[in-house]
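**Q** As a plain string of letters, each chain reads:
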Amino acid sequence: MMSKTTTALATFAALGVLAGAAHAEIRLGVSVSATGPAAFLGDPEAKTIEMLVEQLNEEGGINGEEIALTLYDDGGDPNKARTFATRLVEDDEVVAIIGGSTTGTTMSILSVAEDEGIPFISLAGAISIIDPVREFVFKTPHTDRMACEKIFTDMQAQGITKIGMISGTDGFGASMQAQCKEVAGEHGIEILADETYGPQDADMTPQLTRIRNTDGVQAVLNPGFGQGPAIVTRNVAQLGFEIPLYQSHGVASDAFIELAGADAAEGLRLPGTALLIADKLAEDDAQYDVVTTYTEAYKARYDQDVSTFGGYAHDAFALIVDAITRAGDSEDPQAIRDALEATDGLVGTTGTYSFSPEDHLGLDLSAFRMLEIKDGDWLAVD
Amino acid sequence: MAGRNKWISLGVLALLIALLPLFFPSGYYYRVGALIFVNALSVVGLVILIGYAGQISLGHAGFAGIGAYACALAPEHLGLHPALAVLLGAVVSGVMAALIGKPILRLKGYYLAVATLGFGILVSMVLTNERALTGGPDGMNVADLGLRDLLRDMGWRLSGGEFWYMICGVVLLIGAWLALNLFDSPSGRAMRALHGSEVAAATVGVDVPRQKLRAFVISAVYASVAGSLLALQNGYITPDVAGFMHSVEMVTMAVLGGVGSVLGATFGAAILTLLPQVLTVFAEYEQLVLGLVMVLVMIFLPQGLLPSIARRLRGRGE
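Chains A and B, in that order, are what the protein sequence lines are.
Each residue of the first sequence is one higher than the one before, starting from 1 at the first, in the UniProt record's numbering.
Each residue of the second sequence is one higher than the one before, starting from 1 at the first, in the UniProt record's numbering.
Simulated from the structure, these hints should not be mistaken for laboratory data.
There may be inaccurate statements among the hints.
Heads up, incomplete: computed chain A residues facing chain B, CB under 7 angstroms, no partners named [stated by the list, open to error]:
1) Pro78
2) Asp91
3) Gly117
Cβ atoms here follow ideal geometry from the backbone N, Cα and C, with glycine treated the same way.
Model the full structure from these sequences, guided by the hints.
**A** Here is the structure:
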């Protein structure tokens, strides 16, 4: 019996030693899903923040203080995310948290941040994170609703009013499907067909055939994520659709064009961020400096292309740094939160952020750019 | 002898739960402690099923999912108090276990493992796909228990971590007490008898299917209550709680700590809950260390950590 007691105590003691971090710096906490099913989100996010912290500390930090980064990998598990959030707040005593790659992990971190009064910038999409507005919770990615609005605005400009929708049943697809249906009416769009597919499905021909056989459909919209939209794109090409295809921001990456095939993807449109067309931005573009600096640094350090998701983390970090600089007090979470809420016109890779007490997302539709795939590459069309 | 062992086990557990907070440097350790207790509770349930009755289940996360979502859904849709929702979840899990246990407990070994696995995956799929009800893969909010506010009004201020540490600790003690009582009861003896040999047990008059089902239902209720406690303390729940990996994790905890022993199960739960927290510094090697520990325990301490160590100590004493 004795041996077990001592072992247990020793384990707790070991925890204490490991957790004892250095003080007198700006303590920033991060919990992202760097491994597990959401690693495609969390991996670029973790890499981005590690890189940016290193860069900032080399340049002398904020007001002369270096940033001490504590980064945990929650593996996409909301339960772990909550434990790490508690650890960041109680044990590591951070003054701000960035993280929550998925909606589930964000919701877990969010309640800890709210309870303890620590500013938290989420990297997940759901609108429920910032609506209703919570005092200490902000987020950088645009919502699914904004993507729908951007797409519908473009459809309106093309004179399209009747569409067919085919959505994935994964978290992303299902959430965007619901949001699009909600705002379609406001844009005079009528959804005549509403089909779904499972995330693992290998062929969407039956659903697409039903859409094609629906009278009056003028365009197809595919809210989805991962391989599904690539298969939809190929099936649409095989079936010889003559109406335009719209994809979501969920597939805004070069990998998508490769997966779907440049021929099949030719002419399809989707809302994306400036990061995707970094090499084509005009030099007088407001985001030119931010986007090119980030993409070049990331490429040089990791030999990988940047993704939209890494961009969310980049913007969250920029927002925190900006807020701490303006707050002038790196010890007081409340002051940092207040400064964060007063953010006005901060240019990030995703868009230009201006927070207010009523708006903790701070982006508008101009953050999205309507992109078209042309000759296997992205082309900005608005 | 067995009676004395029971009180020693309970006493050790109670002392650990009561005294460990004296060594906690920050509130975060209460959270880890509460998680250990929740995991230990579902593993104690598995000790009854695997350790006593000798049956396997790879689908117990399904019952944890039912318990968790009962706490999320019942207050919202039925207007039930969260505490009653815990009970409702336990009843639903118990009934569900009785219904599916009847046919599938006729299976043995691998076949039983696969059948229970199928059940777990079904629950997880329903929770993921019934978006309108469960919020889908994004999960849903869980109403607050309200007890902490009540205590605060009575002048007893507790942080969330302290509160859940106490609640989960007390529930684990009750769970362990019931499991230890069962061990020496007629049912417990019957379960252990059929574990040794079903034919022999049946020959001496043990109703084998009935005792198997009893163990299955009891362990399902344990998992369900553990799922409820997790949902209530997190305030948010996603279908991950019912995921296959969670089932595997439970069985791993039970086997690592010692599947025949309630204290051992708690020990196993403690180690597997603590490791990822201790290993954050070398997160890339976490799975490696975990796997290595498992392989070494299975080779050198096949009875599980605690029983093997206890036997070795006793052997030296005599």
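**Q** So, for every hint listed, does it hold in this structure?
**A** Tested hints:
1. With 7 angstroms as the threshold, the beta carbon of Pro78/A comes within range of chain B, its nearest partner Cβ sitting at about 5 angstroms, so the hint holds.
2. With 7 angstroms as the threshold, the beta carbon of Asp91/A comes within range of chain B, its nearest partner Cβ sitting at about 4 angstroms, so the hint holds.
3. Of the supplied interface hints, the one on Gly117/A is violated, with its beta-carbon coming no nearer than about 13 angstroms to a beta-carbon of chain B, more than 7 angstroms.
Checked against the numbered hints given earlier, the structure breaks only hint 3 and satisfies all the rest.
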